[in-house]
Amino acid sequence: MKRTLILGDTGLPKRSNDLLEVSNRIYDGKKHESWLLAFSPDQENLPEGFERIILVQDEGNICEDARYICAIIMDLHSTYAFDAILIPGTWIGRMVAPRLAKRLQVGLVAEINDVKTRDDALEFVRTAYSGNILSGIAITSSPPIILSIKPGIFTWEQKSGVNTIIQNYTKKLQSPSSLTCLKRKQRSVSYDIRDSKVLVSGGGGAKRAYPLLETLAKALGGEVSVSRKLVDQGIANRTIQVGQSGKIVNPRLYIAIGIDGAIQHVEGLRNVETILSVNTHSDAPICSISDVVVVGDAKIFIEKLLQRIALENEGTIHDQYRGESE
Amino acid sequence: MVLNPDDECALSFAFKLKEQHPESLIHVVSMAPSSVVPHMHDLLRLPVDRGTLISDPLFAGSDTYATSEVLGTYLKSQEFDVILSGSRSLDGATSQIPGQIAQMLGFDHMLDITDIDVGRTSRTDAVFSIEGEKETTTWSMQLPGVLSLARSSTCKLPYPSYADLQKDVSDKLTILTNKELGIDSTHIGLEGSLTKVVHTYEANSRIREKTVVEADDEGIEFVFSYLKERGFV
Chain A
70 MKRTLILGDT GLPKRSNDLL EVSNRIYDGK KHESWLLAFS PDQENLPEGF
120 ERIILVQDEG NICEDARYIC AIIMDLHSTY AFDAILIPGT WIGRMVAPRL
170 AKRLQVGLVA EINDVKTRDD ALEFVRTAYS GNILSGIAIT SSPPIILSIK
220 PGIFTWEQKS GVNTIIQNYT KKLQSPSSLT CLKRKQRSVS YDIRDSKVLV
270 SGGGGAKRAY PLLETLAKAL GGEVSVSRKL VDQGIANRTI QVGQSGKIVN
320 PRLYIAIGID GAIQHVEGLR NVETILSVNT HSDAPICSIS DVVVVGDAKI
370 FIEKLLQRIA LENEGTIHDQ YRGESE
Chain B
997 MVLNPDDECA LSFAFKLKEQ HPESLIHVVS MAPSSVVPHM HDLLRLPVDR
1047 GTLISDPLFA GSDTYATSEV LGTYLKSQEF DVILSGSRSL DGATSQIPGQ
1097 IAQMLGFDHM LDITDIDVGR TSRTDAVFSI EGEKETTTWS MQLPGVLSLA
1147 RSSTCKLPYP SYADLQKDVS DKLTILTNKE LGIDSTHIGL EGSLTKVVHT
1197 YEANSRIREK TVVEADDEGI EFVFSYLKER GFV
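Top line first, the protein sequences correspond to chains A and B.
The number in the working numbering is simply the position in the first sequence, starting from 1, with 69 added.
The number in the working numbering is simply the position in the second sequence, starting from 1, with 996 added.
Treat the hints as calculated values from the structure; they're not laboratory data.
Among the hints, erroneous ones may be present.
[Claimed, not checked] Calculated cross-link-like contacts (lysine to aspartate or glutamate; reagent style EDC-like; alpha-carbon spacing at most 20 Å):
| hint | chain 1 | residue 1 | chain 2 | residue 2 |
| --- | --- | --- | --- | --- |
| 1 | A | 219 | B | 1225 |
| 2 | A | 316 | B | 1108 |
| 3 | A | 316 | B | 1127 |
| 4 | A | 185 | B | 1198 |
| 5 | B | 1206 | A | 329 |
| 6 | B | 1224 | A | 381 |
| 7 | B | 1152 | B | 1111 |
| 8 | B | 1192 | A | 188 |
| 9 | A | 252 | B | 1121 |
| 10 | B | 1224 | B | 1212 |
| 11 | A | 316 | A | 264 |
| 12 | A | 316 | B | 1087 |
| 13 | A | 219 | B | 1108 |
[To be verified] Quick look at which bits of chain B chain A covers, simulated, 3 or more residues with Cβ under 8 Å:
| hint | segment |
| --- | --- |
| 14 | 1048-1061 |
| 15 | 1217-1223 |
A virtual CB, placed ideally from N, CA and C, is assigned to each residue, including glycine.
Could you put together the complete structure from these sequences and hints?
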């Protein structure tokens, strides 16, 4: 039976099972086993859906040590011979995957966002040329298939229960790495809108509602950005301005509140996945590039949406992983 | 043709390190078609000591695996204290080459570095920090190693002086082909690649099915469900 190893997402351990969907797509729903390599210290935080979870007790910075992780995967692979190894496209994953592919002398398709089958051959899809083109890529080397997966694209839904065997990885490998973490500092106010996965963005029409933008951004696990108008009026700092004289952003979700959508602003939105705009005029330029247009007042929209989100969270156990951006 | 902003950051940190350690030499290495020679000349008019352009039609079609094979083979023959690179290229942005080179050379590698503490960086150790989503971490790493920089607005390259604009810098540039590198031809170009683009699709994301709603209860319910389906709430 085919066997896939998935490297756990250390930032969002519970969401590691989203990569099960990639494994399902590779084996076209046929029976196969999926194993997880996890660094979670507590067993309650482990995701469902895996036949086996190999648990590494992380006493130091193993989960941030690409060479150590590679060494563990190589050790496991020599015993269990995986047919596919799937790595999340996170900061650490993006360091592990290329090393591993080089060690195993196999091809690597990085940060895929789709799996297709064409003439019985697998094709892994990723964006190319700054996101303007999608490439379908075949791997010509022999197995294992190594892929890194763009976070937040695939979602897994449990269909039937799986009995998970938890296996502790007790071998103490000597990490070849010389990396030492000297200091950790929580980031407070500083964020870079170019890294944001969700942006709640305000323009001239959101002046009155400006303090509420942050509340909505928080509720959606995102950050606040603005159009030039709010910067020129001294309401917001230029560091969070979107557009030609500001920053080019590529969040998954961009909520444009009270923004007209001048060409210079739209220029900063070329790579945005979903645009939702709120405007008193349904013929504002921003509306023509939006997936959803809400016609109405900015403040009323934000207050009503916040109430609806609060209602959803009431009485349900809020899954904190859902709320975080990946 | 533009210099990738990530690479620009790498080069600007090289200049900062040279300011701190004036005896150090900066060597720019690129694998590209010979059409980039004028761009290499532009870099060599800055405080760059030497340039190497690895260029051969035999390398055409190399995927990241074959590309790192070429660059890694060349770098194995060189002496240096640190390799600085960008974190992501401008086109594919796969971040594969620096990690694969580090693997080939047996070095440590760190991605998405936002700052190098040049004052605390010596020939044997580098100190640098990474601004993550939730925290800023500061690291030390033994050298030689590979440090990959992420773009930041503070990384700006100096302009060459007016006198240097017309300067002939061609003697600082070495152009190498596979004749000098001597890599087995089955390991380079299309033949040495382990991945192959078999299809391309247009990512025309701006043609969208637009839904228009009012900011009333019905409209808010639609927006809420829309966001929930996509995992935002």
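Hints and how they fare:
With a C-alpha separation of about 19 Å, the suggested pair residue 219 of chain A and residue 1225 of chain B falls inside the 20 Å cut-off, and the hint holds. For the hint pairing residue 316 of chain A with residue 1108 of chain B, the CA-to-CA distance comes to about 18 Å; that is within 20 Å, so the pair holds. This hinted pair checks out: residue 316 of chain A and residue 1127 of chain B have alpha carbons roughly 18 Å apart, not beyond 20 Å. A distance of roughly 16 Å separates the Cα atoms of residue 185 of chain A and residue 1198 of chain B; the hinted pair therefore holds under the 20 Å criterion.
Taking the CA atoms of residue 1206 of chain B and residue 329 of chain A, the gap is about 17 Å. The hint holds against a cut of 20 Å. As the CA atoms of residue 1224 of chain B and residue 381 of chain A are separated by approximately 10 Å, the hinted pair is consistent with the 20 Å bound. Straight-line distance between C-alpha atoms of residue 1152 of chain B and residue 1111 of chain B comes to about 13 Å, which keeps the hinted pair within the 20 Å bound. For the given pair, residue 1192 of chain B sits about 15 Å from residue 188 of chain A by alpha-carbon distance, which is consistent with the 20 Å threshold.
Pair hint residue 252 of chain A plus residue 1121 of chain B holds up; C-alpha atoms about 16 Å apart against a cutoff of 20 Å. Among the hinted pairs, residue 1224 of chain B with residue 1212 of chain B is consistent with the structure: their alpha-carbon atoms are about 18 Å apart, no more than 20 Å. Taking the CA atoms of residue 316 of chain A and residue 264 of chain A, the gap is near 11 Å; set against the 20 Å cutoff, the hint holds. Between residue 316 of chain A and residue 1087 of chain B, the direct Cα distance comes to roughly 18 Å. Compliance with the 20 Å bound is thereby established for this hinted pair.
Pair hint residue 219 of chain A plus residue 1108 of chain B holds up; C-alpha atoms about 16 Å apart against a cutoff of 20 Å. Using a Cβ-Cβ cut-off of 8 Å, 3 residues of the segment 1048-1061 of chain B lie near chain A, which meets the minimum of three, so the contact claim holds. Beta-carbon proximity to chain A at under 8 Å applies to 6 residues in the segment 1217-1223 of chain B; the threshold of 3 is reached and the given coverage holds.
This entry satisfies every hint, going by the numbered hints stated previously.
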